[in-house]
Amino acid sequence: MKNNTLLEVNDLKMHFPIFKGAFGMKAGVVKAVDGVSFSVREGETFGLVGESGCGKTTVGRSILRIYKPTAGTVIYNGEDITSYTEKEMSKYRREMQMIFQDPYSSLDPRQSVGSIVREAITTDKNCKLSLSEVDAKVDELLQLVELDASMKDRYPHEMSGGQRQRLGIARALACNPKLIVCDEPVSALDVSIQAQIINLFIRLQKKLGLTYVFVAHDLAVVRHISDRIAVMYLGNVVEITEATELYDNPLHPYTKALLSAVPVTDYDVEKKRERITLQGEVPSPINAPSGCPFHPRCIYATEECKQKKPELAQHGDNHFVACHIIK
Amino acid sequence: MNLSNVKKRFKVFFNRGVLSVISFVVLLSFILIAIIAPLITKYSPYEQNVSNKYAASSAEHPFGTDKLGRDILTRLAYGARISLLASLLSSLVAAVIGLVLGLIAGFFKGFISQLIMRIADAELSIPPLVLTLVLSLLFGDGVFGVVMVIGISLVPTYIRLVFGLVLSQKKNDYVLAAKLIGQSNRKIILKHILPNCFPSLIVLFTMNLGTAMMLEASMSYLGIGIVPPTPTWGGMVSESYEVLILHPMQAILPGLCIMLVVVAFNILGDGLRDALDPRLRGKL
Amino acid sequence: MQDKTPLLVVKNLRTSFFTSAGEVKAVNDVSYHVDEEEVVAIVGESGCGKSVTQMSVLQLVQTPPGKILGGEVFYKGKDLLKYGQKSKEIRAIRGAEISMIFQEPMTSLNPVFTIGQQLSQVIRVHKHVSRKEAWAEGVEALRKVGIPEPEARMKNYPFEMSGGMRQRVMIAIAIACNSSLIIADEPTTALDVTTQAQVMELLMSIVKGLKKAMIVVTHNLGLVTRYADRIYVMYAGKIIESGTTEEIMKHPMHPYTIGLLKSVPNLSDEKGKALVPIEGAPPIVINLPDRCAFCPRCPYATEDCMNASMPGLRPVDVGQKHLVACHLDMRGSR
Chain A
1 MKNNTLLEVN
11 DLKMHFPIFK
21 GAFGMKAGVV
31 KAVDGVSFSV
41 REGETFGLVG
51 ESGCGKTTVG
61 RSILRIYKPT
71 AGTVIYNGED
81 ITSYTEKEMS
91 KYRREMQMIF
101 QDPYSSLDPR
111 QSVGSIVREA
121 ITTDKNCKLS
131 LSEVDAKVDE
141 LLQLVELDAS
151 MKDRYPHEMS
161 GGQRQRLGIA
171 RALACNPKLI
181 VCDEPVSALD
191 VSIQAQIINL
201 FIRLQKKLGL
211 TYVFVAHDLA
221 VVRHISDRIA
231 VMYLGNVVEI
241 TEATELYDNP
251 LHPYTKALLS
261 AVPVTDYDVE
271 KKRERITLQG
281 EVPSPINAPS
291 GCPFHPRCIY
301 ATEECKQKKP
311 ELAQHGDNHF
321 VACHIIK
Chain E
1001 MNLSNVKKRF
1011 KVFFNRGVLS
1021 VISFVVLLSF
1031 ILIAIIAPLI
1041 TKYSPYEQNV
1051 SNKYAASSAE
1061 HPFGTDKLGR
1071 DILTRLAYGA
1081 RISLLASLLS
1091 SLVAAVIGLV
1101 LGLIAGFFKG
1111 FISQLIMRIA
1121 DAELSIPPLV
1131 LTLVLSLLFG
1141 DGVFGVVMVI
1151 GISLVPTYIR
1161 LVFGLVLSQK
1171 KNDYVLAAKL
1181 IGQSNRKIIL
1191 KHILPNCFPS
1201 LIVLFTMNLG
1211 TAMMLEASMS
1221 YLGIGIVPPT
1231 PTWGGMVSES
1241 YEVLILHPMQ
1251 AILPGLCIML
1261 VVVAFNILGD
1271 GLRDALDPRL
1281 RGKL
Chain L
2001 MQDKTPLLVV
2011 KNLRTSFFTS
2021 AGEVKAVNDV
2031 SYHVDEEEVV
2041 AIVGESGCGK
2051 SVTQMSVLQL
2061 VQTPPGKILG
2071 GEVFYKGKDL
2081 LKYGQKSKEI
2091 RAIRGAEISM
2101 IFQEPMTSLN
2111 PVFTIGQQLS
2121 QVIRVHKHVS
2131 RKEAWAEGVE
2141 ALRKVGIPEP
2151 EARMKNYPFE
2161 MSGGMRQRVM
2171 IAIAIACNSS
2181 LIIADEPTTA
2191 LDVTTQAQVM
2201 ELLMSIVKGL
2211 KKAMIVVTHN
2221 LGLVTRYADR
2231 IYVMYAGKII
2241 ESGTTEEIMK
2251 HPMHPYTIGL
2261 LKSVPNLSDE
2271 KGKALVPIEG
2281 APPIVINLPD
2291 RCAFCPRCPY
2301 ATEDCMNASM
2311 PGLRPVDVGQ
2321 KHLVACHLDM
2331 RGSR
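Residue numbers (our numbering), protein chains in the order written: chain A, 1 to 327; chain E, 1001 to 1284; chain L, 2001 to 2334.
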């Protein structure tokens, strides 16, 4: 595995103001992401996992500079792109792509399959391909994502969910990306189709040397595809470690609860597993609890947890946990 | 767009049933009548014959004559020219202005968007007839004046529709995806947002053709529209209201024309919306 | 071993939707049963007819385009299909005897009424109690499903609650009406993982504690492994395999079930284990030929499978309760 860092996120914060009333008075802030740091090596898959509202999608979109982060830095390819303007961003625009959750809304219903891929090829300012070369490239890309070339004249509504997701991948690949942020790319698909798409992601990575930031709520899926995983809770990363280690040796109480909440299909294993059912609900990111964001639901919480926010600290090889309890 | 696509679209349109076909035929024949009006009758729409006023239907005058003894068929045919043209042009004016302003207001947040929307709201809050009265002082009478007055008074509905459509389009991931492949804002609007606005726009457009026709009639009635003796259907209805009981056909005939055209435009609009929608094109 | 008395017996149920494209045989000759105090899972992908089956049991299928074409639904010995769609009898059963919990609780609660109004209304429809008593029972039901400050929550509107809370309200309705059977249609699909665990644990504690029976309709195989006693696997409007959870999860016999289990990423898998996807996509159940519907996607399919007519359910071994609808003998071939 190559070890050069492709992406580095340092103390990223993304706060969205809430406006209320007729005059648009600022009524508060949603701290969607509140100090997240991690780095992604070239060619690896970095999983971001957490429940809805934990800020994983916002992190993904901040990396792509769809949002301008409130604080912190995003360093891509050794360059600080945090406050790049749209024009400055344009040199990296096509290198950083995204796969969307909803394969329906991510494709223009009025564009044919061929035209969607063609557009992604020809928007490149340096594209000097002739018309027939573009057509050949379209065929090549469709083949890469295992779509039949005969689908070129079809429209998205004539395709199944899995085919649509393949088309979304082809569009992203048309830009020759290095980094792809996959935002819940399989959660809208049928169970028997999910595996097809996951395998496609793995094959493409091997073939093209892609780097993925894989954002999802399904732990089993994330674990399957990722090399390293960050678990997020309420805008914070609570644990980062290698995929196997996360399942074999989870340390953060939230990670443990999250893992135990996912049933496995192995009957004997399942019947023996410890089940931790969390109490209460995830607090709103508008008035997040002080100290450790997880303390109101944590059975080990102490006075220290209520006062002081824990920092990520190393516990073993490549294993970082943000928890006061773990010594 | 290639030929087979066009064919498919026509197929969807006519597959909607008998009504689509009828409305298509009705509109075509009215347009034809408007074009070949001089060939249909030997009279001029202005030719008066006071001695023969309110004549009943006869071989000479199939639909009879009006209060000045003018041939009603002739006036209907020539009226089709003015009425169709005025409503079509005014709706076009409204659609173009409304589309441009709505796109700008919807795509770019900030001051300009606020300004456009507040002006549209202000215009909507003025009663249409008062608005047309004021505007007609500005543009004067005659066909050009009427087209501009009706056009401008219809603009806000387009702005609001397009504004809403753009906002909902922008939420779709494909707009974001287009941005991520490096597409410029201008191209995103033209290639992705605009085409997805068209179906609703076409429906509003056809509905507004009816509204425009009504407004034109109201204006003629108030004497601020196209001035007599120029024949218009709206004008013919208002001229005949005094004798509605005695000679009902005087009002019914032009009224029927208005109704037929308005209904036909609406059915046509619905059909077009389906035909333009690729989601329906496949289902044959 | 003495068999438990079946609470619900569905026999040869057939429901079709008549669309312009043709007849959609959404439920095609489906038979199953639920015993007292039993948790039964109906597993399948979207479009396999698992939900329509449940809707048909309560005659909630929209007619037209849907139509229940035949079959019998015995609930506590009475055939529900004999009652009319709008009859008093079926309405007394819906909600009171059999409660349904849907995937998206937002749409099953009326947004313009408070939780309390809706809860006490349901109670008053099914029990002859005063307004005050119904309200008190509602508070009690909310307390039982673990909603904090139930008195205050009664005055909330559905949109003021989270998805997990709304799902608890739906469960509270089932408790308040003292239903004997709960049909949960993808009850946790819209919820987060930890909330899903909360809601399922709650449902199970109620089913076990109050001795109710439950049908869980889901595509989530893990959920089924954890909570169900017995499983029916559906594909293209038919039940293709049934048996106890242990039997099916350990020794799946239908190529579809085997394929599903191999294609779902599992937390307990070894790292690096490749997923084996089922190729192709589930069929649209219009004008399917009379043969095994899984044939085109089946890696084991033989020439005979293509030519033979639809296989019926048969025991895997003589005398066994594990049934499978497949021409092939998959024992030992996995």
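Worth double-checking, as some hints may not be accurate.
Output of the computed footprint for chain A on chain E, the stretches with three or more beta carbons under 8 Å from beta carbons of chain A [unchecked claim]: (1) 1023 to 1030; (2) 1192 to 1199.
Only part of the chain E face toward chain A is listed, based on derived beta-carbon distances under 8 Å [claimed, not checked]: (3) Ala1056; (4) Asp1121; (5) Asn1172; (6) Tyr1174; (7) Leu1176; (8) Leu1180.
Because the hints were derived from the structure by calculation, they are not lab data. Bear in mind that the values here come from a model prediction, so they are computed numbers and not experimental data. The beta-carbon is built from N, C-alpha and C at its ideal position, and this holds for glycine as well.
Proximity test - 8 Å, beta-carbon atoms, the region 1023 to 1030 of chain E to chain A, at least three hits: With 0 residues closer than 8 Å to chain A, the region 1023 to 1030 of chain E misses the three-residue bar; violated.
Interface hint compliance - Asn1172 of chain E to chain A, C-beta minimum distance less than 8 Å: holds, 5 Å
Satisfaction of the Tyr1174 of chain E interface hint, Cβ to chain A closer than 8 Å: With a minimum Cβ separation of about 4 Å from chain A (threshold 8 Å), the hint on Tyr1174 of chain E holds.
Proposed interface contact between Ala1056 of chain E and chain A, which counts if any beta carbon pair is under 8 Å: violated, 55 Å
Proximity test - 8 Å, beta-carbon atoms, the region 1192 to 1199 of chain E to chain A, at least three hits: holds (count 3)
Asp1121 of chain E as chain A interface residue, shortest Cβ-Cβ below 8 Å: Because about 14 Å separates Asp1121 of chain E from the closest Cβ in chain A, which is outside the 8 Å limit, the hint is violated.
Status of the Leu1180 of chain E interface restraint (C-beta, 8 Å, chain A): holds, 6 Å
Restraint satisfaction for Leu1176 of chain E [CB to CB of chain A, less than 8 Å]: holds, 7 Å
Consistency note: the structure conflicts with the earlier hints numbered 1, 3 and 4.
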